[in-house]
Each structure stands twice: as C-alpha cells, then as structure tokens.
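Work the whole structure out from these sequences, hints included.
Chains as they are written, first to last, in my numbering: chain A, 1 to 118; chain B, 1 to 108.
Hints should not be assumed to be uniformly reliable.
[Stated by the list, open to error] Below, computed lysine to aspartate or glutamate pairings styled on DMTMM-like, alpha-carbon distance capped at 20 Å:
hint, chain 1, residue 1, chain 2, residue 2
1, B, K70, B, D94
2, B, K69, B, D7
3, B, K26, A, E63
4, A, K55, A, D65
5, A, K55, B, D94
6, B, K95, A, E59
7, B, K95, B, E5
8, B, K95, A, E63
9, B, K95, A, E52
10, A, K41, B, E5
11, A, K20, A, D88
12, A, K20, A, D65
13, A, K41, B, D83
14, A, K20, A, E63
15, A, K41, B, D7
16, A, K64, A, E52
Calculated from the structure, these hints are not laboratory results. Remember, it's a predicted structure, so these values are computed and weren't measured experimentally.
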Amino acid sequence: GAVVSQHPSWVICKSGTSVKIECRSLDFQATTMFWYRQFPKQSLMLMATSNEGSKATYEQGVEKDKFLINHASLTLSTLTVTSAHPEDSSFYICSASFVGGGPIDTQYFGPGTRLTVL
Amino acid sequence: SQQGEEDPQALSIQEGENATMNCSYKTSINNLQWYRQNSGRGLVHLILIRSNEREKHSGRLRVTLDTSKKSSSLLITASRAADTASYFCATDTDKLIFGTGTRLQVFP
Chain A
1 GAVVSQHPSW VICKSGTSVK IECRSLDFQA TTMFWYRQFP KQSLMLMATS NEGSKATYEQ
61 GVEKDKFLIN HASLTLSTLT VTSAHPEDSS FYICSASFVG GGPIDTQYFG PGTRLTVL
Chain B
1 SQQGEEDPQA LSIQEGENAT MNCSYKTSIN NLQWYRQNSG RGLVHLILIR SNEREKHSGR
61 LRVTLDTSKK SSSLLITASR AADTASYFCA TDTDKLIFGT GTRLQVFP
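Next comes the structure, spelled out in structure tokens:
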C-alpha cells in the first residue's frame with residue numbers, strides 16, 4: 001500500500017518551454033503532497049508543500065511563479081516548470097502523506113522525474 | 001543551512017561487513033528518519049526513530065539517536081551487494097530536512 005507514482009519518469013525539453021510533472025497517490029488520499037528537487041550527487045531540497053484545495057507553501061528561494069503547483073484533488077498534484085532553462089535540469093521527486101498513514105509524519109515518495117532542459 | 005551533515009560521504013565495503021553511517025543535525029526535532037535511494041530512483045523509507053527513543057531495530061538495521069549531541073547513526077549488519085545505494089537521514093520538525101547522504105557501495 002501507499003504507492004505514489006510520477007509521470008513522466010523523464011522528460012527532455014527545449015529552453016523556454018513549460019513542463020508539467022504529475023504526482024499521484026494510487027491507493028490512498030493524500031492530505032499533503034511535497035515537491036523536492038535533487039541535483040546530481042546531492043541531497044533532496046524541499047521546494048514546496050501543498051494541501052488539497054489550497055495554495056502551496058513555497059520554501060525560501062523557490063520562485064512560485066516559475067514552479068507552479070496545483071493540488072486539485074486528494075490523489076493528484078502537478079508541478080509545472082514554466083519557461084524552463086538548463087539550470088532547471090534536475091531530478092524532481094514528490095511525496096505524499098496522509099492522516100493515519102503509519103508512523104507519524106511518514107511521507108511516501110514517488111520514483112522521481114528527471115528533467116533535462118536543452 | 002538547516003541541512004544535516006552525514007559522514008562518511010562515501011563508503012565501500014565487502015559483502016558480510018557492517019556499514020555505519022552517521023548523521024548530525026542542528027535543530028530540535030520531533031523525529032529522525034532514514035531513507036534509502038537507489039541511483040536515479042525515488043526514496044524508500046527505512047526507519048523512524050522518535051526524539052524520546054534512543055535505539056531502534058528493523059531487521060538488519062539498527063538506528064541510534066542522541067538528542068544531546070544532535071546525532072544519529074544507521075548500522076547495516078551483514079551487508080549485501082543489494083544494499084548498494086545512497087542513504088539519507090531526514091529530521092522532522094515541521095518539514096523534512098534531508099542530510100547530505102552517504103553513498104554506500106557493497107562489493108560481492
């Protein structure tokens with residue numbers, strides 16, 4: 001149980017285009033979803049936290065107009081990288097948590113999406 | 001930066017040996033978690049230890065927590081080649097703050 005999927009698993013796009021990444025909780029309703037970014041051989045950095053039906057809370061230094069997050073339902077959150085540039089190339093990972101999901105504050109992670117901007 | 005530090009950054013051992021990874025953090029925490037990440041993949045939750053616990057076991061994993069020193073360790077006993085991965089600690093206050101990670105290589 002508690003499976004999180006991401007789509008696509010990898011994407012290559014041209015500089016200046018927008019890319020949408022989906023994060024779905026497959027067998028549970030996620031009250032909260034999180035988006036992380038991971039550069040090669042580095043750790044995960046939290047970008048934003050979103051609760052269903054409300055605006056996402058962005059971490060300091062993360063441009064909310066560039067990284068649009070929509071959490072329209074309890075099973076789906078999307079991250080749109082607008083006007084992508086090569087420096088946005090990274091591994092984007094989402095996670096989801098839900099009340100009663102196990103040990104306190106357990107987050108269930110998706111498999112990640114590798115974005116390459118040419 | 002609130003990010004925790006892990007050491008060693010990289011560790012290479014032979015199958016059957018034990019692997020110990022350490023994590024230090026900076027702030028008070030609710031709990032500390034350890035995750036595993038295979039190359040280019042998502043994270044797998046390994047174990048959670050609460051701030052009022054000192055040691056926890058799960059299979060071949062043993063985690064300790066010393067809140068006075070703001071440090072934790074993950075011990076993998078009798079390692080296997082399949083344990084090759086990156087391991088991250090993550091402290092939980094109101095959000096998860098990940099450590100820098102340890103890349104473990106287990107040679108058959």
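For a quick check of understanding: which of the numbered hints are violated here, in increasing order? 3
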